[in-house]
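Each chain, written out:
Protein chains: 4
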Amino acid sequence: MQNSLVGIGVIGYGYWGPNLVRNFANSECSRVVSVSDLSPAKLATSKRLHPEIETTTDFRDILQDHRVDAVAIATPVHTHYELALAALRAGKHVFVEKPLAPTSDQVRRLIEEADKRNLVLMVDHTFLYTPAVQKIRELVHEGAIGEIYYYDSIRSSLGLFQSDVNVIWDLAVHDMSIIQYILNEEPVAVSATGSCHVSGAPENMAHITLFFQSSCVAHVSVNWLSPIKVRQTFIGGSRKMIVYDDVEPTEKIKIYDKGITLDGSLEKAHQLRIGYRAGDMWAPHLAAKEALQTEVKHFVDCLRTGETPISSAQSGLKVVEILEAASRSIKEQGRPVRLGQSHKIPERA
Amino acid sequence: MQNSLVGIGVIGYGYWGPNLVRNFANSECSRVVSVSDLSPAKLATSKRLHPEIETTTDFRDILQDHRVDAVAIATPVHTHYELALAALRAGKHVFVEKPLAPTSDQVRRLIEEADKRNLVLMVDHTFLYTPAVQKIRELVHEGAIGEIYYYDSIRSSLGLFQSDVNVIWDLAVHDMSIIQYILNEEPVAVSATGSCHVSGAPENMAHITLFFQSSCVAHVSVNWLSPIKVRQTFIGGSRKMIVYDDVEPTEKIKIYDKGITLDGSLEKAHQLRIGYRAGDMWAPHLAAKEALQTEVKHFVDCLRTGETPISSAQSGLKVVEILEAASRSIKEQGRPVRLGQSHKIPERA
Amino acid sequence: MQNSLVGIGVIGYGYWGPNLVRNFANSECSRVVSVSDLSPAKLATSKRLHPEIETTTDFRDILQDHRVDAVAIATPVHTHYELALAALRAGKHVFVEKPLAPTSDQVRRLIEEADKRNLVLMVDHTFLYTPAVQKIRELVHEGAIGEIYYYDSIRSSLGLFQSDVNVIWDLAVHDMSIIQYILNEEPVAVSATGSCHVSGAPENMAHITLFFQSSCVAHVSVNWLSPIKVRQTFIGGSRKMIVYDDVEPTEKIKIYDKGITLDGSLEKAHQLRIGYRAGDMWAPHLAAKEALQTEVKHFVDCLRTGETPISSAQSGLKVVEILEAASRSIKEQGRPVRLGQSHKIPERA
Amino acid sequence: MQNSLVGIGVIGYGYWGPNLVRNFANSECSRVVSVSDLSPAKLATSKRLHPEIETTTDFRDILQDHRVDAVAIATPVHTHYELALAALRAGKHVFVEKPLAPTSDQVRRLIEEADKRNLVLMVDHTFLYTPAVQKIRELVHEGAIGEIYYYDSIRSSLGLFQSDVNVIWDLAVHDMSIIQYILNEEPVAVSATGSCHVSGAPENMAHITLFFQSSCVAHVSVNWLSPIKVRQTFIGGSRKMIVYDDVEPTEKIKIYDKGITLDGSLEKAHQLRIGYRAGDMWAPHLAAKEALQTEVKHFVDCLRTGETPISSAQSGLKVVEILEAASRSIKEQGRPVRLGQSHKIPERA
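Protein chains in written order, with our numbering: chain D, 1 to 349; chain A, 350 to 698; chain V, 699 to 1047; chain Z, 1048 to 1396.
Bear in mind the hints are in silico, worked out from the structure with no lab data behind them.
Since the model is a prediction, treat every value here as computed from it, not as a measurement.
Beta carbons are placed, not taken as given, at the ideal position from N, Cα and C, and that holds for glycine.
A few of these clues could be false.
Stated by the list, open to error - DSSO-like mimics (lysine-lysine), calculated; alpha carbons at most 27 Å apart, straight line:
id : chain 1 : residue 1 : chain 2 : residue 2
1  : Z       : Lys1336   : D       : Lys289
2  : A       : Lys638    : V       : Lys927
3  : D       : Lys135    : V       : Lys952
4  : Z       : Lys1276   : A       : Lys603
5  : A       : Lys578    : V       : Lys833
6  : A       : Lys484    : Z       : Lys1301
7  : A       : Lys396    : D       : Lys229
8  : D       : Lys229    : Z       : Lys1276
9  : Z       : Lys1182   : A       : Lys607
10 : D       : Lys229    : Z       : Lys1182
11 : Z       : Lys1336   : D       : Lys42
12 : A       : Lys396    : V       : Lys745
13 : V       : Lys745    : D       : Lys254
14 : D       : Lys229    : V       : Lys927
15 : A       : Lys638    : V       : Lys745
16 : D       : Lys331    : A       : Lys680
17 : Z       : Lys1344   : D       : Lys47
18 : Z       : Lys1182   : Z       : Lys1301
19 : Z       : Lys1378   : V       : Lys1029
20 : A       : Lys578    : D       : Lys229
21 : V       : Lys956    : D       : Lys289
22 : Z       : Lys1336   : D       : Lys47
23 : A       : Lys578    : D       : Lys258
24 : Z       : Lys1089   : D       : Lys289
25 : D       : Lys229    : V       : Lys952
26 : Z       : Lys1301   : A       : Lys603
27 : A       : Lys578    : D       : Lys135
28 : D       : Lys254    : V       : Lys952
29 : Z       : Lys1378   : A       : Lys607
30 : A       : Lys603    : D       : Lys229
31 : Z       : Lys1094   : D       : Lys297
32 : V       : Lys927    : Z       : Lys1305
33 : Z       : Lys1301   : Z       : Lys1276
34 : A       : Lys603    : V       : Lys927
To be verified - One side of the interface only, derived from the structure: several residues of chain Z facing chain V at Cβ under 7 Å:
id : residue
35 : Gly1206
36 : His1244
37 : Pro1274
38 : Met1288
Looking at chain D on its own, in the form it has when it is part of the complex:
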């Protein structure tokens, strides 16, 4: 019975690693064989909470361990590429904390390596596995919201400053993965501005606009220096509008039957007849599941079935491409940057 469990090795036991360990350990289809971290103090914590899991300061111990089928990486972003590549070369399936790697070139090389070896390479875009985002996708895809006018999101809190990436790689990355997951369209250009208030540190505040072929627009505000935590997304459509507030303990999603109705065409120069539709609000019940639990199970399922993960390396690549373009735009105070050829995202089967 123990044999049939997928063996997991976790590299990195800092902020996010303990969550990965806990969820892979609690899952019924996986077990955590070993954890590595450079800090013995962190490994001691792991030992206290999970006495049955081995620890090591050398990640190569994990890569060489034949009981390990898959490796989960939760280390600083600048190490993702090397560690993921080494793990793939060691024949392990790989699960990497977001973002997949700091450059799209590196991501492409990782994808190549994984494809060549027929290994699963999945990026940890946890939000896609929340009941809230899954509900929003369902509503958008079944047409309940109508044509999507905009996605407008604020994601801010006090900290955590990371020294090797700026705030868009830490926070906007979530919105980029959600946008890709719920919309049927890919952005064609990006304009972004950002600023830095701690000398020598990366940008701690940024605002990104994504342009689409259609009139749809996406905007994302991220901030590491906000006095309060805000996680608020507005999605406007021709039929309904959604307010998604992830800080709300319940009623995270509210769907408003509000919008505009146009009375015929434009009339005289200054007389556009616009009416407002103000109807009911509805907050669907959401299951109280931990997203990471759903996600690690999905990873293990993909290992077994060969299914392409929702947060596939390909989708992770798009996210990194957008963040790269946004970073370029930030350097030029908002000058728009084109993105690769726009095309419809194929529906997942």
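Chain D is already provided as a structure; the job is to place chains A, V and Z on it using the hints.
Okay, now just chains A, V and Z, sitting in the frame of chain D:
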């Protein structure tokens, strides 16, 4: 005694006009002589609520009325210039609904005319007269907030679409006036994006970033197609941070003793020592005064004393210049647009 | 045309009187002839806001005025009986601010007088005319909520202390009228506790429980010494539950598809199988109408059609009877007090 | 080193037991030796999360284990007395989930037994160890709030129905312990009402008023059938007022500088001069500590030092006495029930 009251004529009795009439009428230092509007139905409403105030469909009746000392204009934006100019030429002091005029050139010509005739020309930036904004200015100016890192604002609701101006001239105009009022610095460039979801109508959604010489940045999100009303401003400083939520019935301003503390300088490549200071929150008591009441009184005071209004035509000019630049940037998907020479705003006496 | 308007006289121009004057004046089917108050300063305010309405310090001027068809009374509670009686005897229809009178005996005598003279006697239970309460009544009456388990309400704020009545006559009176309006059942007993924190003043805080023949229970908390304004009512039913928050600017009513489901009967001693049903939440759109506008129109309609008002004197009598019983219970620290014979309230036609 | 850790046995691994195990296990001064539960399935869960902790279906194994210094009991209320008594007789210190026992007689006998054997008997009133309640106590005791006028609390949610106790023993018990902890005075009488909406189940909704010798009053509303979770406590004082909302993720405590000011004495019959003081609001920063972690450490400290616990058995006795009296009052629809002789609670050293 009646003689000493300043006589007011109000041109335009649509959305905002009734508020002007009510406040000038209730003020102890002014009386409303006459109201004009093109619509007899609207004038009938005025007559029912204020039987003692004369009405006319021809604004020239007001300009020719010697009992009228000052004219308040609350008509569509594209008529502001002509009406204000005519009123100044008729020797009346002028109070104009925001924005002062659709172009900065027009504003400059109005200022010239007013200066030449020694008349007061004031723009109705109502928010500057709210107890909330006055408190924020006081806190910023006395140094309680420290160095200002950012001003980040969201101003959205469902409607009202205007056919002759886009959403930034209707909503962002408020933030531009507030930014100018509370900061000691003028923006040097602007990057803005906007989009339109109603064919043939002006932009209904926009995002504006203002750059300053210092590391301060301002960002304003405005939206006419939001399912809920949002009026939220975050002001981050080196000492304290403010959350100003104008939708809150009480506790509109919350001041957080939160921030970051830097431990020495940058250390190793990936080890910036940033700590967080998480202290108390404080919500100062604000008087429950209607801002427009304070503002009309200020206008009348300026008439009598010759004092320069807080929302002077000069400050209104800056606002229009920024909105013009933002409009240009929107047309080019966020390309940054320089603003006129940056200089310290002189303190008001 | 003017002749067909119902002529109104308003007695009392303190806190509530100005609202009555404004609403009767703005209504298309009534006009305010005259206002009386003992204070010349208050009458001056009326004169300023409504130059066309006559004023007098002697309410008898109103009673003798043949242009006055109906009298609205907004004076301290202890004067209601005498003024209403005098108005009825002068042949006027009468609209009295809540509560109708300080004792049920007085209310009964007023009802007698009105019935004898075939005049309308209506009590101003404004909340019954709010879109929120009307929606709740509709939901309860159509069975959407199921069997009503409880009505639990909190109504508190800072002030206003009244010297001639305690807090239950000022605040709980609203809940008593709402309970009567939305439930099909009358309470059979009441237990109440109250306390006074200002020496010499009436009770400023009270808690009332109403018992019904069924398992339904109603509880009302009222407080004049609360730091924040709370207006929250929970209505629990077998099918759905309502949260009614009158302080919310929008979404005043939220309907939760939540409840309990019982798995068969009681099993073993300590094993009651109770499950929870946690479904969607729904906030119906409510019209943005001022309740008092609806109510004064209803009063005038009743005058013309002879229809019994929703807030009839009979319903006002029930409210006073309950408050009397609650006052007795307060004096005895919660000892339950029986109410008159319980019977089904007949449905309004 | 391991020897110096206090050995803990936990009896009951249902709803609360896992929290006790986790906290005693994570504490640096204790270790969990063994867990017992009647359900092998629950023990399997314990084994999975804590492989190093022994499990047994027979609690007597724990009582006979000499490595066990203290026993924590988290079983249904009706078993508390027998289990605690057996544990004390086995020479173990005892930590019991609230309430200590279903009757005050039983609590008294447990206290006797503990005193005779010089063992610590502590009740798990977790709320006393929250940063919020500790801050409130500090504010009250240092006089910042002034004379306490009232404590008014609402504690409701959907579930969890317990079959062996009614809602006041499950929820009001928290408020009773808090009231005792923060006030300097003991209640002298109680009036309570309650109702049951599930046939055969205990009361699921109740309202309790506590009377004090002074004008202070306490009121507690508890409900197992509320669509939303409410944890709101209002504390009114002569100098300041507190709103404590435990559902708030941050800013759980808000202190309002609001109140009343009296202008001299009572004047004429109907003219009490009451003014309102409306000042700032202040939300002190609270540490983000898990209360149960603080509490289990306090328990172990008391074992070692002989100090009387904050939530001593004596204080637990007072709570049970009040709940017993409230239960009697509920049976008689609010009839007030006297409590034992009132006396000042001695300050904790």
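These are the hints, each one checked on the structure:
Proximity of Lys1336 of chain Z to Lys289 of chain D is assessed by CA-CA distance (about 24 Å); at most 27 Å being required, the pair is judged to hold. Between Lys638 of chain A and Lys927 of chain V the CA atoms are separated by roughly 19 Å; this keeps the pair inside 27 Å, and the hint holds. With a C-alpha separation of about 21 Å, the suggested pairing of Lys135 of chain D with Lys952 of chain V holds against the 27 Å cut-off. Using a Cα cut-off of 27 Å, the hinted pair Lys1276 of chain Z and Lys603 of chain A holds, with the two alpha carbons roughly 25 Å apart.
With a CA separation close to 23 Å, the supplied pair Lys578 of chain A and Lys833 of chain V stays within the 27 Å bound. Between the alpha carbons of Lys484 of chain A and Lys1301 of chain Z the distance comes to roughly 21 Å, so the proposed pair stays at or under 27 Å and holds. For the given pair, Lys396 of chain A sits about 50 Å from Lys229 of chain D by alpha-carbon distance, which is inconsistent with the 27 Å threshold. A threshold of 27 Å between alpha carbons decides the hint, and for Lys229 of chain D with Lys1276 of chain Z the separation of about 21 Å falls inside it, so the pair holds.
Pair hint Lys1182 of chain Z plus Lys607 of chain A holds up; C-alpha atoms about 19 Å apart against a cutoff of 27 Å. The hinted pair formed by Lys229 of chain D and Lys1182 of chain Z meets the criterion: a straight-line CA distance of about 23 Å does not exceed 27 Å. A threshold of 27 Å between alpha carbons decides the hint, and for Lys1336 of chain Z with Lys42 of chain D the separation of about 20 Å falls inside it, so the pair holds. A distance of roughly 16 Å separates the Cα atoms of Lys396 of chain A and Lys745 of chain V; the hinted pair therefore holds under the 27 Å criterion.
The straight-line distance between the Cα atoms of Lys745 of chain V and Lys254 of chain D is roughly 48 Å, outside the 27 Å bound, and the hint therefore fails. Annotation: proposed proximity of Lys229 of chain D to Lys927 of chain V holds, straight-line Cα distance about 26 Å (limit 27 Å). A C-alpha spacing of about 23 Å is found between Lys638 of chain A and Lys745 of chain V, which places the hinted pair at or below 27 Å, so the restraint holds. With a C-alpha separation of about 20 Å, the suggested pair Lys331 of chain D and Lys680 of chain A falls inside the 27 Å cut-off, and the hint holds.
For a cut-off of 27 Å, the pair hint linking Lys1344 of chain Z to Lys47 of chain D stands: about 21 Å separates their Cα positions. In summary, the hint linking Lys1182 of chain Z to Lys1301 of chain Z is supported, as the alpha carbons are separated by about 11 Å, within the 27 Å threshold. For a cut-off of 27 Å, the pair hint linking Lys1378 of chain Z to Lys1029 of chain V stands: about 20 Å separates their Cα positions. Between Lys578 of chain A and Lys229 of chain D the alpha-carbon distance is near 19 Å, which keeps this suggested pair within the 27 Å criterion.
About 19 Å separates the Cα atoms of Lys956 of chain V and Lys289 of chain D, which keeps this hinted pair within 27 Å; it holds. Pair hint Lys1336 of chain Z plus Lys47 of chain D holds up; C-alpha atoms about 22 Å apart against a cutoff of 27 Å. With a C-alpha separation of about 12 Å, the suggested pairing of Lys578 of chain A with Lys258 of chain D holds against the 27 Å cut-off. Between Lys1089 of chain Z and Lys289 of chain D the CA atoms are separated by roughly 20 Å; this keeps the pair inside 27 Å, and the hint holds.
Note on Lys229 of chain D and Lys952 of chain V: the hinted pairing holds, with a Cα-Cα distance of about 25 Å set against a maximum of 27 Å. With a CA separation close to 12 Å, the supplied pair Lys1301 of chain Z and Lys603 of chain A stays within the 27 Å bound. About 24 Å separates the Cα atoms of Lys578 of chain A and Lys135 of chain D, which keeps this hinted pair within 27 Å; it holds. For the proposed pair Lys254 of chain D and Lys952 of chain V, the alpha carbon gap of about 12 Å is at most 27 Å, so the pair holds.
As the CA atoms of Lys1378 of chain Z and Lys607 of chain A are separated by approximately 51 Å, the hinted pair breaks the 27 Å bound. A C-alpha spacing of about 14 Å is found between Lys603 of chain A and Lys229 of chain D, which places the hinted pair at or below 27 Å, so the restraint holds. For the proposed pair Lys1094 of chain Z and Lys297 of chain D, the alpha carbon gap of about 21 Å is at most 27 Å, so the pair holds. Distance hint between Lys927 of chain V and Lys1305 of chain Z is fulfilled; the C-alpha atoms sit about 12 Å from each other, no more than 27 Å.
Note on Lys1301 of chain Z and Lys1276 of chain Z: the hinted pairing holds, with a Cα-Cα distance of about 19 Å set against a maximum of 27 Å. Restraint check for Lys603 of chain A and Lys927 of chain V: satisfied, since their Cα atoms lie roughly 18 Å apart, inside the 27 Å limit. Taking 7 Å as the C-beta contact cut-off toward chain V, the hint placing Gly1206 of chain Z at the interface holds, the least distance being around 5 Å. Given the 7 Å rule on beta carbons, the hint for His1244 of chain Z holds: about 4 Å separates it from the nearest Cβ of chain V.
With 7 Å as the threshold, the beta carbon of Pro1274 of chain Z comes within range of chain V, its nearest partner Cβ sitting at about 4 Å, so the hint holds. About 4 Å separates the beta-carbon of Met1288 of chain Z from the nearest beta-carbon of chain V, less than 7 Å, and the hint is met.
Hints 7, 13 and 29 from the list above are not met by this structure, while the remaining hints are.
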